[in-house]
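Undergrad: Sequence:
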Amino acid sequence: MEGISDFFAGRSVFITGATGFMGKVLMEKLLRSCPSINCIYILVRPKKGKDPASRVYDLLECRLFDTLRKSQPGFEKKVLPVVGDILEPSLGISQDDLTDMCEKVSVVFHSAATVKFDEELKLSVQMNVDGTRKMLELGKMMKKLEVFIHVSTAYCNCDREEITESVYPPPVHPAKVLDACEWMSDDMINQLAPQMIIPRPNTYTYTKALAEYLIVENSSDFPIAIVRPSIVGASWMEPFPGWVDNFNGPTGLLAAIGKGILRMMSGDFNGTADVIPVDIATNLMIAAAWYTAVERPKTLKVYNCTTGELNKLTWGQLERASYEYMMKNPLDDVIRLPNPRFTNNRLWRTLNMWMDHYFPAWLGDIYCRALGKKARLVRLQQRLWKSVECLEYFTSHEWKFHCENVVALNDKLSLEDKETYNFDVQKIHWPTYLENYCFGVKRYALNEDLSNMPKARRQVERLQKRNKMVSLLLWAALIRFLARRVAIIGNVYYFIISVILRLLKSIPLPAAISW
Numbered sequence: 001m002e003g004i005s006d007f008f009a010g011r012s013v014f015i016t017g018a019t020g021f022m023g024k025v026l027m028e029k030l031l032r033s034c035p036s037i038n039c040i041y042i043l044v045r046p047k048k049g050k051d052p053a054s055r056v057y058d059l060l061e062c063r064l065f066d067t068l069r070k071s072q073p074g075f076e077k078k079v080l081p082v083v084g085d086i087l088e089p090s091l092g093i094s095q096d097d098l099t100d101m102c103e104k105v106s107v108v109f110h111s112a113a114t115v116k117f118d119e120e121l122k123l124s125v126q127m128n129v130d131g132t133r134k135m136l137e138l139g140k141m142m143k144k145l146e147v148f149i150h151v152s153t154a155y156c157n158c159d160r161e162e163i164t165e166s167v168y169p170p171p172v173h174p175a176k177v178l179d180a181c182e183w184m185s186d187d188m189i190n191q192l193a194p195q196m197i198i199p200r201p202n203t204y205t206y207t208k209a210l211a212e213y214l215i216v217e218n219s220s221d222f223p224i225a226i227v228r229p230s231i232v233g234a235s236w237m238e239p240f241p242g243w244v245d246n247f248n249g250p251t252g253l254l255a256a257i258g259k260g261i262l263r264m265m266s267g268d269f270n271g272t273a274d275v276i277p278v279d280i281a282t283n284l285m286i287a288a289a290w291y292t293a294v295e296r297p298k299t300l301k302v303y304n305c306t307t308g309e310l311n312k313l314t315w316g317q318l319e320r321a322s323y324e325y326m327m328k329n330p331l332d333d334v335i336r337l338p339n340p341r342f343t344n345n346r347l348w349r350t351l352n353m354w355m356d357h358y359f360p361a362w363l364g365d366i367y368c369r370a371l372g373k374k375a376r377l378v379r380l381q382q383r384l385w386k387s388v389e390c391l392e393y394f395t396s397h398e399w400k401f402h403c404e405n406v407v408a409l410n411d412k413l414s415l416e417d418k419e420t421y422n423f424d425v426q427k428i429h430w431p432t433y434l435e436n437y438c439f440g441v442k443r444y445a446l447n448e449d450l451s452n453m454p455k456a457r458r459q460v461e462r463l464q465k466r467n468k469m470v471s472l473l474l475w476a477a478l479i480r481f482l483a484r485r486v487a488i489i490g491n492v493y494y495f496i497i498s499v500i501l502r503l504l505k506s507i508p509l510p511a512a513i514s515w
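Residue numbers (my numbering): 1 to 515.
Be a bit skeptical, because a hint or two may be false.
Said to hold, decoys possible - Quick list of the computed label-pair ranges, beta carbon to beta carbon:
1. E88 x H397: 46 to 54 Å
2. Q95 x N246: 27 to 35 Å
3. L371 x L192: 45 to 53 Å
4. N447 x R379: 19 to 27 Å
5. L347 x E2: 36 to 44 Å
6. R379 x R457: 24 to 32 Å
7. Q191 x K465: 51 to 59 Å
Calculated from the structure, these hints are not laboratory results. A quick note: this is a predicted structure, and the numbers were derived from the prediction, not measured. Ideal Cβ positions, reconstructed from N, Cα and C, are used throughout, including at glycine.
Could you build all of it, start to finish, from the sequences and the hints given here?
TA: This is the structure we're talking about:
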């Protein structure tokens, strides 16, 4: 059986979602590990003031491609922008581009989707369900198509506690939901949405489940596979450790923890934090495309790209690691010291939200106004808790994801491909990964200048001293209060005993027992 790099040699690939976090990493890895690949078409939405070539140029200037830039100068020529939009009829692709792709494309990676948990249902259906339908129609037009990889999510069936590598019946047939979105107004859809998505927690997981069923219905037309990543985090190894460029999922939590603006949220301390490094997810996607095209399995393969069953990470480990590593390499302009805590007590969490988050933010805004500065801390907390509440469902629940297909696929790789396209999650050393992740949040997501690290550390030291001083003052006040209470109580006891003795002396006693 030919190796993965040999398979992609001379072939053309089409990627949707290439401007997103996972799409960028996928594109970089394909170009770097498969130097003989013919070209990669990427779907680029039209944008006012910028032509597609300029947008692709800006995309490829990202530091993610620094390693590739050194090893393969001129790699940019292999990236071909295709102007289009998932929301447009026929994806908004011009006839010339459509003809060109249908003649040349052999492999499709469909990862474009809205990943906002609180997205309005109609838009989520249009992007995640109807967008998938349009991509399948395009696939049927491609004369050389050998494999279609659909990127889903491990949580599309989060209404179940145990999830196998199979597609489950949808809550309702996708065609009915698509029809409803055609004639219902936005207000009507939004009113019905909370009832429609039950028992799933949000529109994202609901629409991704519908999209999977569309894949099943079209799986006989050409080779298809589904890859389901769990919570996608920073890179593990490639192209360098800790790379991340967005604030989705755990990245946003780590940034908020590091800045000191998030200190408590609902979560199971011992529960599984099923974080999957982005480079492991993309390596699995590439390997799944190779195997599906070369072996052509008789049944649709689903790959649960998860870590919980093979190499468990807990929210408690993430809590302790985020404190340790954010103190070791602090972020700039820290407001309070990192002090993250997960709790299963909803009342305690709510009290902390108001007393340890909103109340200090309110005081801070009063102080800013007094200095003539812009008050923004309360608004920041409002935005933060809107995101936190979307994530708390996943930090408070636990699932068992079967991953037999992933393990079997890894066994089919040659030793060389196992090294190049490593998706063996058992090899992840979580403390090292989390340290690189925290550092990546600072360096890549927040784009903070590392030369400011001494200043950031001095700021943390000042906050530590301030906290110690406040603690000492509070203890001193408490001791003084208790001492005064003890003194008052002692005086009361002395007075009561004195009164009793005086009363006893005033009572006439028989001569035999007189004083």
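Undergrad: Each hint should be assessed against the structure and marked as holding or not.
TA: Results for each hint:
no., hint, result
1, E88 x H397: 46 to 54 Å, "violated (37 Å)"
2, Q95 x N246: 27 to 35 Å, "holds (34 Å)"
3, L371 x L192: 45 to 53 Å, "holds (48 Å)"
4, N447 x R379: 19 to 27 Å, "holds (22 Å)"
5, L347 x E2: 36 to 44 Å, "violated (60 Å)"
6, R379 x R457: 24 to 32 Å, "holds (29 Å)"
7, Q191 x K465: 51 to 59 Å, "holds (53 Å)"
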